[in-house]
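Residue numbers (our numbering), protein chains in the order written: chain A, 1 to 490; chain B, 1 to 286; chain C, 1 to 342.
Please note that the accuracy of each hint is not assured.
As the list claims (entries may be wrong) - Far from chain C by the CB rule (all over 12 Å, computed), these chain A residues: (1) 113; (2) 158; (3) 179; (4) 192; (5) 357; (6) 443; (7) 468.
Stated by the list, open to error - Okay, the calculated bits of chain C under chain B, using three or more residues with CB under 8 Å as the criterion: (8) 82-94; (9) 97-106; (10) 206-214; (11) 291-300; (12) 323-331.
Stated by the list, open to error - Distance condition first, Cα-Cα at most 20 Å in a straight line; then the derived EDC-like pairs of lysine to aspartate or glutamate: (13) 154(A) / 188(A); (14) 374(A) / 116(A); (15) 154(A) / 129(A); (16) 28(C) / 181(B); (17) 46(B) / 171(C); (18) 374(A) / 121(A); (19) 27(A) / 113(A); (20) 178(A) / 324(A); (21) 154(A) / 406(A); (22) 28(C) / 40(B); (23) 178(A) / 158(A); (24) 357(A) / 196(A); (25) 357(A) / 113(A); (26) 33(A) / 318(A); (27) 306(A) / 332(A); (28) 374(A) / 54(A); (29) 33(A) / 69(B); (30) 33(A) / 231(B); (31) 28(C) / 231(B); (32) 306(A) / 231(B); (33) 374(A) / 299(A).
Treat the hints as calculated values from the structure; they're not laboratory data. Cβ atoms here follow ideal geometry from the backbone N, Cα and C, with glycine treated the same way.
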Amino acid sequence: MKRFIGFLVILTLVVALVPSTMAQDDKPFAGQKIVVVTQVGRSIGGPVEDFAPDWEEMTGGDVELQQFAWGDLFEKTITAFDTGSGDFDMLIFPAAWSGDYMAPGYLDPAPQEILDKIDMDDVIPLYRDRIIAWGDTVYALPYDGDSHMLYYRKDLVDGGEYAEEFEAEYGYPLAEPKTWTEYYDIAEFFNGRETDMGPIFGVMEAMKRNTQAFYVYFSHAAGYGKIPGNPCFFFSCEDMTPQVNNPGWVRALEDYIRSVDLGPPEQVNWDVADTRNYYPAGMSVFNIDWGDVGPISIDENVSLIKGQVGFAPLPGGDQYWDYEAGEWVTPESGVNEAPFIAFGGWIIGVAADSDVKEAAWDFAAFMAAPEMVKELAVTGGTGINPARFSQFEALDLWVDAGFDEESAVDYLDAILTGINHPNAVLDLRITGTAEYQQTLDVEITRAIAGEISAQEALDNAAAAWDEITDRLGRENQLAQYRSSVGYTGE
Amino acid sequence: MTRRPIWQTVLLYAVVLFWCFIVLFPFYWLGTTSFKRQLDAIRLPKYVPYYDFEPTTEHWDYLINVQGDVTWRHFRNSLIAASGGTGFAVLVGAMAGYGLSRFRYRWPVLNWNNDNIAFWVISQRFLPPALFVVPFLIAYTNLDLIDTHIGLIVAYTMFNIPFAVWIMRDFFNGLPADLEDSARVDGATRWTAFTRIVLPLSAPGLVSVAIFSFVFSWNEYLYALMLTNFEAITMPIFIAGQNTQRGVEWWYISALAITAVLPVVLIGLLLQRFITRGLVAGALKG
Amino acid sequence: MQRSTRETKPQAAAVQGEDITREDRVMKRVFLSPAVIVLLALSIFPLFWSLGISFTDILRGGSTLQREAQSSGVEASGFLGQDFNVTLRNYDRIFDDERLHIAARNTLFFVFVGVTVQYVFGLLLALVLNQEFIGRGIVRVIFLMPMMTMPVVVGYLGRMMFDSYRSPIADLYRHFVAWWEGVPLIGSELDATLPWLTNGSWARGTIVLMDSWQWIPFVTLILLAGMQAIPDDIYEAARVDGASSLQMFWRITLPLLAPLSLTVVLIRGLEIFKIIDVIVVTTGGGPGSATESLTMYIYKTALTFGNYSYAAAISFALLVLVIIFAMVFLGLGRRLVPRGLY
């Protein structure tokens with residue numbers, strides 16, 4: 001009898017508790033509305049649009065997506081943060097703006113239980129330890145992995161048709177370029193050549209001012225300006241001296257200027273994103289872009305070159321400028337590989353002044369879940385590129401998405417080599433990053449337009465950088481830069 | 001009138017046709033592009049649907065069905081901001097125009113008369129809006145007006161008033177005062193005379209001011225860019241921002257541009273005579 | 001713009017006799033005040049405020065003074081105990097900010113070239129249209145279309161039309177090149193593409209073209225109205241005296257249109273000073289810095305860089321340019337236009 005009573009008690013307890021806990025678990029965020037901010041368009045924001053209903057179903061929350069033009073996103077969000085006029089809860093933003101978002105405390109530090117949910121060990125260490133963190137605190141969840149890579153037409157470059165002619169002309173075999181010098185040799189060789197799809201251009205590099213095109217220049221500069229073993233690239237870590245006008249950077253800009261005549265004339269008005277429409281239409285041999293072109297190139301609706309694209313890490317410098325020693329150094333391997341982690345990817349943060357942080361973090365974790373991003377990365381047009389080991393390992397998914405196996409291996413390998421490289425260059429991410437980048441942007445586009453020489457342009461940029469640093473407080477900026485690259489010297 | 005020589009006639013029609021072609025062709029291009037597939041739009045130009053390329057309605061489908069909410073939100077914002085700004089500007093402008101036309105003012109200290117005041121008012125129209133970027137930004141953030149419809153309406157009212165005053169003053173100058181005077185002899189106050197007699201008589205002037213204010217506000221870019229964030233973004237900002245991660249998607253933008261331009265152009269076509277009249281009044285007397 | 005001021009007087013005088021009623025004394029203020037208050041509050045006040053800001057070191061998220069205090073930890077107090085300093089550094093920088101000078105040069109280019117192109121073509125079109133022809137109503141309507149179009153859309157249209165590779169214009173040019181190279185004797189090799197928007201000087205011109213496409217009809221319509229207001233008997237008299245059409249144009253039409261022409265040119269000029277939207281969607285200020293306008297630079301400085309005080313300072317530089325332009329034109333007007341007409 002006692003036992004029966006005990007059983008009854010337990011039963012009533014269970015019966016009484018289950019519905020209530022069930023109900024809670026079922027719709028923990030019922031009636032809460034979270035506002036998600038990101039850029040306009042299907043990429044990055046698109047997945048939120050598509051999958052928010054699932055989450056809403058699960059949790060009872062309500063997601064509202066607000067999208068901005070890329071060119072306005074920074075201005076709008078930072079003004080809103082600064083003035084407290086923003087009413088958004090979750091942001092999907094470029095990691096490069098961490099200095100402006102995380103440093104002043106606009107973002108909420110990520111709770112440990114959320115990080116546990118998304119399997120942080122699976123994330124590429126560079127992202128886990130640097131990109132989503134400010135100092136030692138993690139402020140964001142990894143969503144998208146980003147680094148520049150090189151696309152080339154392997155039917156032209158790897159195929160045998162032109163090999164002989166090329167070798168006769170340049171004295172070495174035609175293959176995937178390892179250095180910028182080789183890159184330009186090949187571009188020059190093919191530029192204007194008649195192929196079965198009409199005349200083809202050598203390169204296609206975004207050059208439009210006031211867009212993301214300056215990242216392409218950074219990619220050029222990394223090979224010539226990054227010193228192996230020294231994390232400081234944009235500034236010296238001793239006193240915040242801008243490095244933009246050192247000979248390595250100048251040489252990179254001279255290269256970039258060369259590209260003007262080796263690509264479609266209209267490229268000076270193209271953003272990186274514009275090249276994503278034209279490259280798959282078979283206009284050029286090379287393209288420098290984030291990982292996006294991979295999935296786009298296999299979509300037959302928009303691509304004429306499916307299966308003909310080769311993927312490679314960015315070329316390196318055949319020498320690099322050591323600013324500490326003040327001299328050119330030729331690395332033993334013959335190549336200074338320094339992949340540029342341009343932009344650092346889109347990451348997900350939660351506003352510190354949000355009223356519905358818990359719901360926002362839950363949705364963030366939902367979007368950043370390993371299974372979710374794995375799916376998104378293989379889908380063309382989502383803008384999501386891999387940042388987790390599991391994404392690189394899931395070869396079958398890439399093949400299902402339409403890659404042939406060789407291409408998939410090639411593609412994943414190119415990206416992984418980039419972001420996992422010991423000499424990889426992190427994007428600038430300190431307070432004022434946007435202004436540093438844009439002042440430089442103006443100067444390099446002027447050099448491209450032939451208004452001033454490369455040296456002059458970069459000297460101007462360096463002067464402007466010094467002015468910004470002084471205005472924002474030199475000590476402050478130096479401390480930030482050191483911690484952003486993980487400088488521990490002295 | 002003497003008959004003109006044949007070559008003049010030919011020249012006349014040639015010039016007219018040529019110019020009409022220059023004006024209309026871009027619109028034709030906009031229309032066809034919105035029905036092109038991506039690969040048709042980014043390689044060599046394709047001119048004639050069904051002959052050159054197979055049209056597709058997928059972009060319109062995306063605009064109206066998939067992105068319908070978003071499109072409508074921006075469209076509505078534009079509608080609210082532009083009509084709000086227009087309404088206030090017409091009201092305030094008509095009042096001030098009437099005042100300047102019927103009374104004699106003399107501002108102390110500056111020693112300004114009606115003409116000076118009118119000139120001062122219209123000169124505000126030509127101040128570069130860039131001057132107001134910083135103060136508006138700071139003031140609006142402190143007043144919590146950033147990203148609200150009210151904020152835009154206030155800015156557009158300010159922006160449209162000078163022109164409204166200018167045109168309405170001119171209009172009232174051409175309107176004999178006899179009617180109001182006799183009404184006032186019969187005991188009507190100034191205000192009732194203004195609302196009951198003057199305003200109805202000046203409907204054509206009001207319409208042309210309204211059209212102008214509406215079109216200016218609808219197409220306005222800089223104020224909208226700096227004063228809106230998410231909620232209140234208007235069509236021009238939305239369209240200018242269509243440089244997405246997939247680049248400039250000409251096909252989709254074309255559809256969007258048509259949506260944005262069509263209402264205003266239709267207004268323009270239907271109420272054409274008011275516009276010409278307003279333009280001429282504004283400039284001839286200016 | 002000032003001419004009208006004189007015309008209104010008789011009317012105004014007729015209405016307000018000496019016996020102005022008490023009601024009117026109140027009402028005249030009621031009628032004018034709303035407009036004046038709005039303009040004072042939203043135009044004049046911000047103007048002076050902006051002038052004030054331009055002499056400080058205010059930035060987004062705190063002045064330089066505050067930032068220094070933050071990093072040094074020492075409480076600092078600036079101008080009159082406020083948290084900012086008064087400084088001339090913004091005006092100092094105006095003189096050696098190359099980007100600003102280039103933007104100013106570009107803006108002046110847009111204004112002067114734009115005004116010239118629009119006036120010349122507007123006038124020619126008006127001359128042609130100032131005749132009877134079939135379909136006049138329709139043509140007038142078509143003329144209004146570009147003016148009604150959003151400048152942002154005009155920019156996109158321009159980019160589609162002037163693309164150096166996939167635009168109809170490029171296509172036309174390709175055919176022209178192919179034909180030209182086949183022409184005996186004078187035919188020669190030409191560049192395969194024209195750098196409409198990809199070469200600095202070309203791009204500046206192309207921007208002017210786009211703006212002109214939109215606004216030539218405006219100039220035309222106004223000049224047309226002006227021409228139609230010229231009484232026919234003046235022409236008749238001239239014809240009796242044996243004047244040729246060309247003479248009549250130079251001696252009658254052009255002088256009688258002068259005041260109107262100045263107004264139109266002034267209006268267009270002042271409007272072009274504000275140009276930003278067309279440029280933003282076409283070149284974004286590039287290639288290089290060839291097409292960045294002052295308004296664009298001010299917007300960037302204020303919103304992207306958050307340098308409020310400097311943005312305020314350069315907006316006054318813009319104002320100075322605008323005022324000089326207007327003064328020159330008004331002065332020119334006084335000199336060129338015959339006394340009786342002005």
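Consistency of the hints with the structure:
1. The claim that residue 113(A) is not at the interface with chain C holds, since no C-beta of that chain comes within 12 Å of its own (minimum 32 Å).
2. Every CB of chain C lies more than 12 Å from the CB of residue 158(A), the least distance being 27 Å, so the non-interface label holds.
3. For residue 179(A), the shortest C-beta to C-beta distance to chain C comes to about 28 Å, beyond the 12 Å cut-off, and the non-interface label holds.
4. Listed as a non-interface residue, residue 192(A) fails to keep its Cβ farther than 12 Å from every Cβ of chain C; the least gap is roughly 10 Å.
5. The non-interface label for residue 357(A) is consistent with chain C: the shortest C-beta to C-beta separation is roughly 23 Å, beyond 12 Å.
6. Residue-level check failed: residue 443(A) sits 9 Å from the nearest beta carbon of chain C, not beyond 12 Å.
7. Distance check on residue 468(A): its Cβ comes as close as 8 Å (rounded) to a Cβ of chain C, failing to clear the 12 Å threshold; non-interface status is violated.
8. Closer than 8 Å: that is the beta-carbon criterion, and the segment 82-94 of chain C has 0 residues meeting it against chain B, so the requirement of 3 is violated.
9. Coverage of the segment 97-106 of chain C by chain B is violated. Counting CB-CB distances below 8 Å, 0 residues qualify, and the rule asks for three or more.
10. Interface restraint, the segment 206-214 of chain C with chain B: violated (1 residues with C-beta to C-beta distance below 8 Å; minimum three).
11. By the rule of at least three residues with a Cβ nearer than 8 Å to a Cβ of chain B, the coverage given for the segment 291-300 of chain C holds, with 4 such residues.
12. Closer than 8 Å: that is the beta-carbon criterion, and the segment 323-331 of chain C has 1 residues meeting it against chain B, so the requirement of 3 is violated.
13. For the suggested pair residue 154(A) and residue 188(A), the alpha carbons sit about 16 Å apart, so the restraint of at most 20 Å is met.
14. For the hint pairing residue 374(A) with residue 116(A), the CA-to-CA distance comes to about 18 Å; that is within 20 Å, so the pair holds.
15. A C-alpha spacing of about 35 Å is found between residue 154(A) and residue 129(A), which places the hinted pair above 20 Å, so the restraint is violated.
16. For a cut-off of 20 Å, the pair hint linking residue 28(C) to residue 181(B) stands: about 15 Å separates their Cα positions.
17. Pair hint residue 46(B) plus residue 171(C) holds up; C-alpha atoms about 10 Å apart against a cutoff of 20 Å.
18. Taking the CA atoms of residue 374(A) and residue 121(A), the gap is about 15 Å. The hint holds against a cut of 20 Å.
19. Proposed proximity of residue 27(A) and residue 113(A) is supported: the alpha carbons are some 19 Å apart, at most 20 Å.
20. Restraint check: the Cα-Cα separation between residue 178(A) and residue 324(A) comes to about 26 Å, which exceeds 20 Å; the hinted pair is violated.
21. With a C-alpha separation of about 12 Å, the suggested pair residue 154(A) and residue 406(A) falls inside the 20 Å cut-off, and the hint holds.
22. Taken as a hint, the residue 28(C) and residue 40(B) pair is broken in the structure, with Cα atoms around 63 Å apart against an allowance of 20 Å.
23. About 14 Å separates the Cα atoms of residue 178(A) and residue 158(A), which keeps this hinted pair within 20 Å; it holds.
24. Between residue 357(A) and residue 196(A) the alpha-carbon distance is near 56 Å, which puts this suggested pair outside the 20 Å criterion.
25. In summary, the hint linking residue 357(A) to residue 113(A) is supported, as the alpha carbons are separated by about 13 Å, within the 20 Å threshold.
26. Taken as a hint, the residue 33(A) and residue 318(A) pair is broken in the structure, with Cα atoms around 54 Å apart against an allowance of 20 Å.
27. For the given pair, residue 306(A) sits about 37 Å from residue 332(A) by alpha-carbon distance, which is inconsistent with the 20 Å threshold.
28. Only pairs whose Cα atoms come within 20 Å are accepted, and residue 374(A) paired with residue 54(A) is accepted, the gap being roughly 17 Å.
29. As the CA atoms of residue 33(A) and residue 69(B) are separated by approximately 17 Å, the hinted pair is consistent with the 20 Å bound.
30. For a cut-off of 20 Å, the pair hint linking residue 33(A) to residue 231(B) stands: about 15 Å separates their Cα positions.
31. Proximity of residue 28(C) to residue 231(B) is assessed by CA-CA distance (about 40 Å); at most 20 Å being required, the pair is judged violated.
32. This hinted pair does not check out: residue 306(A) and residue 231(B) have alpha carbons roughly 40 Å apart, beyond 20 Å.
33. Of the supplied pair hints, the one linking residue 374(A) and residue 299(A) holds, its CA atoms being roughly 18 Å apart against a limit of 20 Å.
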